[in-house]
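Construct the complete structure from the given sequences, taking the supplied hints into account.
The sequence shown begins at 1 in this note's numbering and counts up one residue at a time.
Think of the hints as simulated: they come from the structure by calculation, not from any bench. Here the structure is a predicted model, which means the values were calculated and not measured. Some hints here could point you the wrong way.
[Stated by the list, open to error] Computed list of lysine-lysine pairs in DSBU-like fashion (alpha-carbon distance at most 30 angstroms, straight line): (1) Lys136 - Lys40; (2) Lys71 - Lys126; (3) Lys215 - Lys40; (4) Lys95 - Lys126; (5) Lys136 - Lys95; (6) Lys42 - Lys97; (7) Lys189 - Lys40; (8) Lys215 - Lys95.
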Amino acid sequence: MKKALLTCALSSVVAISAITVSHSAMASDFTINPMVGASKNKAMGSNVAVGLEAGYKDFIVGYTYTGETDKRSNTHSFDGEVDGWQSFDASLNTKEKYKAHNLYVGYQFNVGPGHLALKAGADFSKYSASTGFAVKEILDGGSAEVAGLNLRADGNTVVRPMIGVGYYLDNGLNFNLHYTFQNGSRDMKYSASGYYYNEKGAVNLGRGKNDIENKDFGTWMFTVGYRF
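Set out below in structure tokens:
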């Protein structure tokens, strides 16, 4: 009886140890790698970049976001009395917005004191632009909106290829460089809206195909991460 109990206890210990080792090995095969850095878009300038990678053994799945770039410019001019107005403020504004998400996969190789990963995936970006003017009448008690017009162009989501490399040190620290191939060719939806005193209106101006060709949205991204 004692031998049977001892045999059963030893078998239980061996089984529990095997399960523990198996779970530990499986857990060590999975990695999480948060990343932060900066991106440089040729047309829109620099922005903050963040990302997250999940790894299983030598395979990697990743996501990065370059943030929304918002470029604005405004000009103002002042003048004296016009058509009975005491004075007025005329302003012209332009605005561009661009944001992009990347999804990719990768595979790593043992190189030196760490691993070198090669990555490839897709970039999903969206661009919009607007320009307009506004006129305000300057009164003794403040200002009043008189007239304004805004022209807007909204682009569709464009999918383009991206490539990248990453080097992961054995201590968890890693460095990543990605590049997205982008150009300005994208379909745009145009619209206009305006007002004159209390009268307001809006109109759809149709679509343009493969517009904004004078811009290059190619983007470099450098991030630093720590893999757990």
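Ascending list of hint numbers which this structure does not respect
Of the numbered hints, just 1 does not hold.
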